[in-house]
Structures are given as structure tokens and as C-alpha cells.
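Q: Could you put the whole structure together from the sequences, leaning on the hints where they help?
Numbering of the first sequence is given in this note's numbering, commencing with residue 65 and proceeding in unit increments.
It is possible that part of the hints are untrue.
Restraint-style ranges between C-beta atoms, simulated for each label pair [unchecked claim]:
id, residue 1, residue 2, range
1, N229, R131, 20 to 30 Å
2, Y223, G471, 28 to 38 Å
3, I128, T380, 53 to 63 Å
4, P325, G163, 48 to 58 Å
5, H144, K415, 49 to 59 Å
6, T361, P230, 23 to 33 Å
7, V485, P230, 55 to 65 Å
8, T361, R418, 33 to 43 Å
9, E159, L551, 46 to 56 Å
10, T361, L251, 44 to 54 Å
11, V360, R489, 27 to 37 Å
12, R86, T361, 52 to 62 Å
No lab work stands behind these hints: they were computed from the structure.
Glycine included, every Cβ here is placed at the ideal spot set by N, Cα and C.
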Amino acid sequence: MMDGSSEVIRQRREKAKALTDRGVDLYPNDFKVSHRVEDVRQSIARQGEGVDDTAPFAMAGRIIMLRSFGKAAFLHFRDHTGQLQAYVKQDEVGEEAYGLFKQLDVGDFIGIRGTLFQTKTGEWTLLAKKIRLLCKAMRPLPEKFHGLRDPEKRYRQRYLDLIMNPSVRKVFVTRARIIQAFRDFLLERGFLEVETPMMQPIPGGAEATPFQTFHNALGMNLFLRVAPELYLKRLVIGGIDRVFEINRSFRNEGVSTRHNPEFTMLEFYLAYATYEDLMTLTEETLRFVTQQVLGVTHFSYQGSNINMDGPWARLTLEQALNELGGVDPSLLNDRQGLLALAKSKGIEIKKGRRRGKILTKLFDALVEPKLIAPTFVVDYPVEVSPLARRSRLEPDMAERFELFIAGSEIANGFSELNDPVDQKRRFLDQVADRQDGDEEAHYMDEDYVTALEYGMPPTAGEGVGIDRFVMLLTDAPSIREVILFPLLKNIRH
RNA sequence: GGGCCGUUAACUCAGUCGGUAGAGUAUCUGCCUUUUAAGCAGAGAGCCGCUGGUUCGAGUCCAGCACGGCCCA
Numbered sequence: 065m066m067d068g069s070s071e072v073i074r075q076r077r078e079k080a081k082a083l084t085d086r087g088v089d090l091y092p093n094d095f096k097v098s099h100r101v102e103d104v105r106q107s108i109a110r111q112g113e114g115v116d117d118t119a120p121f122a123m124a125g126r127i128i129m130l131r132s133f134g135k136a137a138f139l140h141f142r143d144h145t146g147q148l149q150a151y152v153k154q155d156e157v158g159e160e161a162y163g164l165f166k167q168l169d170v171g172d173f174i175g176i177r178g179t180l181f182q183t184k185t186g187e188w189t190l191l192a193k194k195i196r197l198l199c200k201a202m203r204p205l206p207e208k209f210h211g212l213r214d215p216e217k218r219y220r221q222r223y224l225d226l227i228m229n230p231s232v233r234k235v236f237v238t239r240a241r242i243i244q245a246f247r248d249f250l251l252e253r254g255f256l257e258v259e260t261p262m263m264q265p266i267p268g269g270a271e272a273t274p275f276q277t278f279h280n281a282l283g284m285n286l287f288l289r290v291a292p293e294l295y296l297k298r299l300v301i302g303g304i305d306r307v308f309e310i311n312r313s314f315r316n317e318g319v320s321t322r323h324n325p326e327f328t329m330l331e332f333y334l335a336y337a338t339y340e341d342l343m344t345l346t347e348e349t350l351r352f353v354t355q356q357v358l359g360v361t362h363f364s365y366q367g368s369n370i371n372m373d374g375p376w377a378r379l380t381l382e383q384a385l386n387e388l389g390g391v392d393p394s395l396l397n398d399r400q401g402l403l404a405l406a407k408s409k410g411i412e413i414k415k416g417r418r419r420g421k422i423l424t425k426l427f428d429a430l431v432e433p434k435l436i437a438p439t440f441v442v443d444y445p446v447e448v449s450p451l452a453r454r455s456r457l458e459p460d461m462a463e464r465f466e467l468f469i470a471g472s473e474i475a476n477g478f479s480e481l482n483d484p485v486d487q488k489r490r491f492l493d494q495v496a497d498r499q500d501g502d503e504e505a506h507y508m509d510e511d512y513v514t515a516l517e518y519g520m521p522p523t524a525g526e527g528v529g530i531d532r533f534v535m536l537l538t539d540a541p542s543i544r545e546v547i548l549f550p551l552l553k554n555i556r557h
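A: As C-alpha cells, this is what we get:
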């Protein structure tokens, strides 16, 4: 258990004490590394049989496997770039050093000076001339064959997960490459990357419940942002007319396989563009990232084959509800009828919700799981899109789309509302919704309206759920598999 | 918030009808100087998630709680 009194841990402590008693420093920091495992692999690949077997190497890493004989041993050690076998024998290191070496365990960090040779099976191996302890591990690693499986331990002690499960490490390398590919794509097109406040006096930019906090010195309530949107648009007003941010937002909601209270979003804004332009750009971006990371533009996600080649399907919200959700078109403008339908499907709609909200709730339950191939859903009611521009043809509709892949919302974008008078009216509607008990409704943001009054060029903007997209490209069944330290409850005793 | 499932050695897991705790790996001891989940022989290791209840007796049955997983809202 975690109290450290188990037999294995007691034995480690005794070994550590025995080493200390013999004058061994358990935690030195003066070992200089000349080569990483990757360097050795590359040099072998380059030189093949011609590798110089007298060249000295100084290498370091964690012992991850140890096969010990009487007076010799094979071990595998690992650094960030890979793992390599080493051979330690008494004839080479001497009796004294070999005696100390016998006290080392799997999990300890070591430094080895030696030369390369091939074993009789042809495996390139570091023959130790000198071996040193660099850090004593006081707890044993999980078992080598089955690894660490308990999901709770994997998340709470992610370092063990990373040591024991190579596929986990691969997921997070892929995650980093995905983010890099998004960044490369946008920088290439002249976007400026910025950072805007995560602590906001008025939370805005999404319909979501915020976390609240308090600044002591300023005596000021603050919210963790639910989206960076309103700040990024202030930057567009300030003349940065291609701008993006990749960072955390926070929503005070339950956790699930698709929701973590803190999550990573890409938001970008492009002036002189419309939501139509944005859909085209979204296809290009996501195809580019997929191609960069996977080398192809198709992949399998949880048994579904996903092809990112375009053009992607486009459906209006009402079409989707009708054709995929089986909602009778005559009901679409009948609030009472929609409420009855929701009730019959077991979908909870809180009191006083307007028609648009009911439509999107029905959509989430009846349509979203069916949108497997990349699909844009367009034409959302204005009342659920308080920051989006009205359609010129249908003023009750917003120029807005959401992108769905594998039954999951991946992106949300629209032509931005830049009419300050309309924006103020929309905020007032949201305030009314909030008074009707909708905790997710927007707050009034007078300062943002003032900013709009200075003039924002016609602009289109979008948010992309990075964690969800990483799930797709890594075939992860849960968002916790793509977040290094997902939020878990404290263990109470 | 609701439903179902899980929690046993450091790790991965068994544990029958309620009868006093098992395996593999790891660890420890001995042997072993080219192994590949090394091998052979031996040994030690447990708050059975927590609290209560039923019972002569609970890992096992019941209730509550905690944490986790999946599904639903």
C-alpha cells in the first residue's frame, strides 16, 4: 500500500542503507552523458558491421529489465529516446564494483561507460567498463509482463503508466505532433499566436457554467474562462486580423469519456471571411493535420472507418433532425410538440427553455451519435448563437456550423456578429435566459459591446476541440487517455 | 443525479455451497560469465477498499460510505 511499509519497500530501504554504509552516494549528479540511445541506434544504422568496438560511450537511463547470472548480467536501460541492452560482467568492472552492482534493482537509474559489441544473437549491447548508480528507486515498478492496467492507478500515477506502457507514451507524442501541425498550418497562413486571459471578470464565448475564484489583493471575483472568444475578437478589433490561441478552457460540468473540466481548444479568427470560407479552411486544416501525423487521410476510430478526404457532407440542423433524428418537420416550429417529443425520448429539458435550445438538445441525443463521417451541420437558430452573425436571407438563423466526426462535436464556427446594437440585444436575451434559470447563458459584457462599437471588420472564427481530435487520431475511447493528468476526485480517508 | 460492474500480495488476477488466503510475475536466499518474459532449488510477503449488520463462523451474504470504470441524464 501507499504507507510504504510493505515488504518490498522495506527491502529496498535496507538495500539503500547497505549501499550508503559502503560509501555509495544514492543521488549523485556528476555523471556526464556522451550519447543517448537514439545516437547509438543511428550510428549502428549508419555503420552496420563497421561499428568501432573500441569507441567509448557514456550512457544513462533507468534499468527496466535485469537478467542476472552469478558473475555477469544483462540489463535493459531506457532514456527518453529508446532502450538499449547492457552487459555487465565482473571481469570487466572488477569484483568490488560488481558487488555493488548486485545491489541494484529494476527501476534504478544508472550511468554506464563502455563500448559496443554484438551478442551471439546479433543484438547491439553496451559492454560496461564502469557502472554507477545515479538514483536509487525506493519503490518497485509494476510487473513487466502485464504492466499497469488499473485505470485509476494509471491516471493518478501517470509516471508509472508512461514507464510501463509504451503505447501511452506514443499517444502523448502524437498529441504534441497534432498541436504542432495545427500551429504550423496557421503560422504558414499568417496567423499570429497569442495568449489571452484565463481569469476573466466576465466569462464569455460559450454557453457553459464557469468556475469561480477570487483575487484577494484586488478584492475581485474572477471566473476561469469557458472560451477565449471575446478576447480574441478584441484583438481583431485591435488590428490583429488573423489570430489564434491554443490553450486551456474550463467548464464546470460533469466528467465523462468526452468531457474533462479543463480541456484544450484551438480558436482562430480570420477577418474578411465568412463561415463558408471557414468550412473550406476547416477541411483543409484537419486534412493537413491528419496527413502530417498519420501520413494518410483516413483512419479507424473505435471500429469506424473515417475518411477525411472531402468534400464533407453539409446538412442543415433541421434536415439533420428530420432525416437522421426522425423528427417530423411539422414539429420543428412547435415548441410544445418538441417538448413532448423530448419527454417521450427521455431527454430532460429544463423549464423555460426556448425552441432553439430544445432543438439542439434533441440534436445531441438523436442525431450527433449518427454523424460518423465528417459532417458540417449548418444554420443554427440565432437564439442559441448569441455571438454569431444573422443570415441575410433568414434573420432568425445564424451563419454558423458545427463539425461532427465519429459521433463527436469537433469544431464550432461562425461568421462573427460585429453589429454592436444587435450584440447588446443578444446579450440582453441571454441575461433573460439566465434569470429564467439557464446557468449556461451568457453574462452581459458591456466592455465587449464597447469594443465592437469601435468597429470589428467582417470576420469568421472557429473553435476546435483539440482533445477530441487527438482521441480520433489515436483511437482513444476516453478523453482521459489523451490528457496526461485527467481530473479525478481526491481520495478521502 | 440514476443504473450496472469493479476494489484480494509491489503488479496482473483466481478464490466453488459462508469454514479461517491462492497462482504467475516481482522480491529474498543459494547455484549460474552471451541472456531475451533467462534457468534450477528454496523462502518470505495480505487491514481481502472502509464502516456496520446477519451468523458459531464473512474475502464470500446484507446495508451504508469512499474511489474507479462503462452506460444513461
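Q: Now, for every hint given, state plainly whether the structure supports it.
A: To see whether the hints hold, each was checked on the structure:
In this structure the hint that N229 and R131 lie 20 to 30 Å apart at CB holds, the actual value being about 22 Å. Here the CB-CB span from Y223 to G471 is close to 33 Å, well matched to the stated 28 to 38 Å. Taking the beta carbon of each, I128 and T380 are about 55 Å apart, inside 53 to 63 Å as hinted. The supplied range of 48 to 58 Å is met by P325 and G163, whose beta-carbon atoms lie about 52 Å from each other.
The hint said 49 to 59 Å for the Cβ distance between H144 and K415, and at roughly 55 Å that hint holds. A beta carbon spacing of about 26 Å between T361 and P230 agrees with the range 23 to 33 Å that was offered as a hint. Judged by the Cβ atoms, the range 55 to 65 Å given for V485 and P230 holds: they are separated by roughly 58 Å. Between T361 and R418 the CB atoms are about 40 Å apart, so this pair conforms to the stated range of 33 to 43 Å.
Evaluation of the 46 to 56 Å hint for E159 and L551 yields a pass: the beta carbon distance comes to about 53 Å. In this structure the hint that T361 and L251 lie 44 to 54 Å apart at CB is violated, the actual value being about 21 Å. Our hint of 27 to 37 Å for V360 and R489 is violated, since their Cβ atoms are close to 48 Å apart. Between R86 and T361 the C-beta distance comes to about 60 Å, which sits within the given range of 52 to 62 Å.
Violated hints for the displayed structure, listed by number in ascending order: 10 and 11.
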